[in-house]
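> Residue numbers (the working numbering), protein chains in the order written: chain H, 1 to 79; chain P, 1001 to 1350.
Because the hints were derived from the structure by calculation, they are not lab data.
Take these hints with a grain of salt, some might be off.
[Said to hold, decoys possible] Some residues of chain P that are not near chain H, with every Cβ distance over 10 Å (derived):
no.	residue
1	1066
2	1166
3	1297
[As the list claims (entries may be wrong)] Sample of chain P residues at the chain H side, in silico, Cβ under 10 Å:
no.	residue
4	1094
5	1098
6	1099
7	1104
8	1107
9	1115
10	1116
11	1121
12	1195
13	1196
14	1199
15	1201
16	1247
17	1274
18	1282
19	1284
Using N, Cα and C, we set each Cβ at its ideal position, and we do this for glycine too.
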Amino acid sequence: MPTEPTRRRITVTEDGPILVQGPVEIVLADGQEVISDRAATALCTCRRSRRYPFCDTSHRRRVRTDRIRGAEADRTCDR
Amino acid sequence: MTSDTAMPAVVAPGLPAPRGPLSAAAFDTLRGSPGEQIDAAAVAQADPYGDDLQLALYCCYELHYRGFSGVGADLEWDPQLLGPRRHLERAFLATLRADVPGGTDVSAEIDALLVETPDASGVSHYLRRCGQLWQLREYVAHRSLYHLKEADPQAWVIPRLSGPAKTALVTVEHDEYGAGNPRRMHSRLFGDMMSELGLCPQYGAYLDAAPAATLTEVNFMSLCGLHRALRGALIGQFATVELTSSPGSDRLVRAMRRLGCGPAAIEFYAEHVEADAAHEQLVRHGVITPLLASEPELATDVVFGIQAATLLADRFSDLLLRNWTASQPTLRNPLPDAPSQVATRQKIAP
């Protein structure tokens, strides 16, 4: 009897990574293979990740605290 | 499934020392010799965020996790304990509700959590820039109260969800529990990190040392996890952690590299940079969106959960930074490498 193929879901987010149902093997442009055994893996699309090809949330908007009402800038370190 | 026969034996910790009349009364009941009962009037006298109330509540909740040696497991559902616990919870919850602005705009709350502020204050920012090893060790000892039972408080919400929200939440929880591999359980990775940092990885080892601000964060998770009525708040709390953890963990990885910590220490937070970047997406799109589509009236509670979790995280962060910048320890029983001239519990600024 024919059965429905088991499809993996890939979710494209508006503002961040692509979410892939895992485990997965990823082949990078230079041929390097990377694996992720997670049930859901977030793949970087902005290329800013320090853990490329995995998302590390580097795509997030960065704002200095003086632009945010109520936020307190760091004065705790002697820099 | 991976079997792992080398897991340490499960040992329930002993009860900590009481910190006032409420915790003393709760501990009497826990030891099987109840004296004066905790009532609403007694609770009204206490600081809802204070050591006495928070420790009493923490120990009542602990019966739902691992219990204590010398405390009967049956007490978990004993009215002698549940009655007083309700008074403690009501005071805590009422104060939290009064201390946050509230609202129903979940998207606005989430957007605020997703903005990175590179120059912000906060414990992970401090540790990355200039934290010392004793401060990092203190931070890990504080966090052990949650991370040695990581994901447990949130597991209680599973039967209170349905459909896609439940599936997505379980996907995240499954990852927290090692995705089938006990060696990859986050609580286990945390214990490995503690050992490498010279801390005691035993469950409950730092309960006596933990100030109220540390207990309060864990109590909020237990409160929301144990009450179906607070399931929206639990999801808000969970979202707050999962959305802020990835960049915070990255700062802690960099702090540990700067301080020359070993691979097990770095691994715990490195794992969270990557895992929580995926969890963020799962929680936002997989849990919150379908939950609010099926139960839109929960928006108020999700907002409350986010705001209260943020408030309590800020209180914890403030306690640490205020004391650290004055070279003072933040554990009630300071670690041996903490500055010794102030090694007395009375000197911890509240």
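> Now look at each hint and say whether the structure bears it out.
Quick rundown of the hints versus the structure:
1. 1066: holds (27 Å)
2. 1166: Non-interface label stands for residue 1166 of chain P: nearest chain H Cβ at 14 Å, farther than 10 Å.
3. 1297: holds (26 Å)
4. 1094: Result: violated, 24 Å to nearest chain H Cβ.
5. 1098: violated (18 Å)
6. 1099: With a minimum Cβ separation of about 15 Å from chain H (threshold 10 Å), the hint on residue 1099 of chain P is violated.
7. 1104: violated (20 Å)
8. 1107: Residue 1107 of chain P check fails; min Cβ-Cβ to chain H is 12 Å, beyond 10 Å.
9. 1115: holds (5 Å)
10. 1116: Check passed: Cβ of residue 1116 of chain P comes within 5 Å of chain H, closer than 10 Å.
11. 1121: Check passed: Cβ of residue 1121 of chain P comes within 4 Å of chain H, closer than 10 Å.
12. 1195: This hint is violated: residue 1195 of chain P lies away from chain H, its Cβ roughly 24 Å from the closest one there, beyond 10 Å.
13. 1196: violated (22 Å)
14. 1199: violated (23 Å)
15. 1201: Because about 24 Å separates residue 1201 of chain P from the closest Cβ in chain H, which is outside the 10 Å limit, the hint is violated.
16. 1247: holds (5 Å)
17. 1274: holds (5 Å)
18. 1282: holds (6 Å)
19. 1284: holds (8 Å)
Hints 4, 5, 6, 7, 8, 12, 13, 14, 15, counting from the list given before, are not met by this structure.
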